[in-house]
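Colleague: Residue numbers (the working numbering), protein chains in the order written: chain H, 1 to 162; chain S, 163 to 282; chain U, 283 to 371.
Read the hints as simulated data drawn from the structure, not as lab findings. Wrong hints could be hidden among the right ones.
Claimed, not checked - 25 Å max Cα-Cα, derived SDA-like pairs, lysine to any residue:
no.	chain 1	residue 1	chain 2	residue 2
1	H	LYS53	H	PRO6
2	S	LYS262	U	ILE307
3	H	LYS149	H	GLY125
4	U	LYS362	H	THR107
5	U	LYS362	S	LEU251
6	H	LYS53	H	GLY65
7	U	LYS362	S	PHE242
8	H	LYS149	H	VAL69
9	U	LYS362	S	ASP228
10	H	LYS56	S	ILE239
11	S	LYS262	H	PRO6
12	H	LYS126	U	VAL358
To be verified - Where chain H lies over chain S, by a calculated footprint (3+ residues, C-beta under 8 Å):
no.	stretch
13	169-180
14	189-196
15	216-223
16	248-254
Unchecked claim - Among the chain H residues that face chain S by a calculated CB cut under 7 Å, a handful are:
no.	residue
17	ILE66
18	VAL69
19	LEU73
20	SER74
21	ASN75
22	PRO91
23	THR121
24	LEU136
Treat the numbers as computed from the prediction; the structure is a model and nothing was measured. All C-beta atoms in this analysis are idealised placements derived from N, C-alpha and C, irrespective of residue type, glycine included.
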Amino acid sequence: MSRFLPAPWWSLFLLTFWLLLQNSVSFGAVLMGSILAVLIPLYTHRARDYPIKVHKPLVALQYGGILLVDIILSNFNIAAIILRPRKQIQPALIEYPLDISGAVPVTILASTISLTPGTITAELGKDGRSLLIHALNVADPEAAIQEIKQRYERRLQEIFQC
Amino acid sequence: MNELPQWAEWLISFFIILGACFAFIGSLGLLRLPDFMTRLHAPTKNTTLGVGGVILGSILFFSVTDALSLHELLIAIFLFLTAPISAHLLAKAGLHLELKRIESTRDLRKKPEQYSDRDD
Amino acid sequence: MLVFALQFAFALFGLSLLMNMVRLIRGPSLADRILTLDTIYINSLALLILLGIWHSTAFYFEAALLIAMLGFIGTVAAAKFLLRGDIIE
């Protein structure tokens, strides 16, 4: 962007973060927050070598909403599994083929998988084209892969166009 | 604590008890589940929402009794950002150490060496 | 009602910490213990926030935030040690 605001959204985030930390919106807090929001990106933006562009902000918002609902559902799901007798669970290590590429989208997908029902991302394949997922209780691994693809990966593909 | 309106008191109590129940179930899972990889699921998910519930209660309490107070949200955001990362690192460590898994685990890796962390 | 809810939550979190203690002692592996420590710090920061509501003061907030940050860094460092520290060649 401009010379003094290399990453405007990031500066806005830093300002919000500072105001939340101060827990007040006084003149002094806004002034100090603005100074920090300009200085910190200027000092560190050379370290950010992962340019990303959000193509569909609305889909990103929708994605956030779906994620929040799924986190809550996932908690009930895990709670039910924990309270059940321990011999009945069927864990599995699943290979998940990636369709998307790029560091940021894959990181978001991996974190999403970790936060949603019964699955945790354990490892990224050496070629970067697949994820290793540990699922707590799945009857049909293929169906689980398809659900993640339909629900999350398709939307991420739409958001980042990658 | 008696200046709270009735609805706020019920709502705060609801969130606090919900959060406490989830955190309790998460810790119970940590104790009960049979092997490391399954144990990993319980605390990373349930304690995060447990703290989330308590934090919602706290935000409501301080916003109703005092001025609007949102700084507890920082803790919630921070936990939601970091929970998948620590879970991922611990899962990596568990795979690397080849910890024992229960027999019912199905290993569907076609090429296990793809996911090993050794430099060879 | 709020007093009862707070006492109930204190009891549940106390029980959670006790169960975490059992897992911390039983292990069996180092990774289990690190995972348990991770759970313990999350539970204790929730207890701190509840204590803040109980005394209706915001002073405990900073402590809770610090526990959240340092606990995360500690977990990552310990997991990294597990990954790199004992290489079985």
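Colleague: Each hint needs a verdict: does it hold in this structure or not?
Modeller: Hint-by-hint comparison with the structure:
no. : hint                   : in the structure
1   : H:LYS53 with H:PRO6    : holds (14 Å)
2   : S:LYS262 with U:ILE307 : holds (18 Å)
3   : H:LYS149 with H:GLY125 : holds (17 Å)
4   : U:LYS362 with H:THR107 : holds (18 Å)
5   : U:LYS362 with S:LEU251 : holds (7 Å)
6   : H:LYS53 with H:GLY65   : holds (20 Å)
7   : U:LYS362 with S:PHE242 : holds (20 Å)
8   : H:LYS149 with H:VAL69  : holds (18 Å)
9   : U:LYS362 with S:ASP228 : violated (43 Å)
10  : H:LYS56 with S:ILE239  : holds (23 Å)
11  : S:LYS262 with H:PRO6   : violated (49 Å)
12  : H:LYS126 with U:VAL358 : holds (21 Å)
13  : 169-180                : violated (count 0)
14  : 189-196                : holds (count 5)
15  : 216-223                : violated (count 0)
16  : 248-254                : holds (count 4)
17  : ILE66                  : violated (15 Å)
18  : VAL69                  : violated (12 Å)
19  : LEU73                  : violated (10 Å)
20  : SER74                  : holds (6 Å)
21  : ASN75                  : holds (5 Å)
22  : PRO91                  : holds (4 Å)
23  : THR121                 : holds (6 Å)
24  : LEU136                 : holds (5 Å)
Hint check: violations occur at hints 9, 11, 13, 15, 17, 18 and 19; the rest are consistent with the structure.
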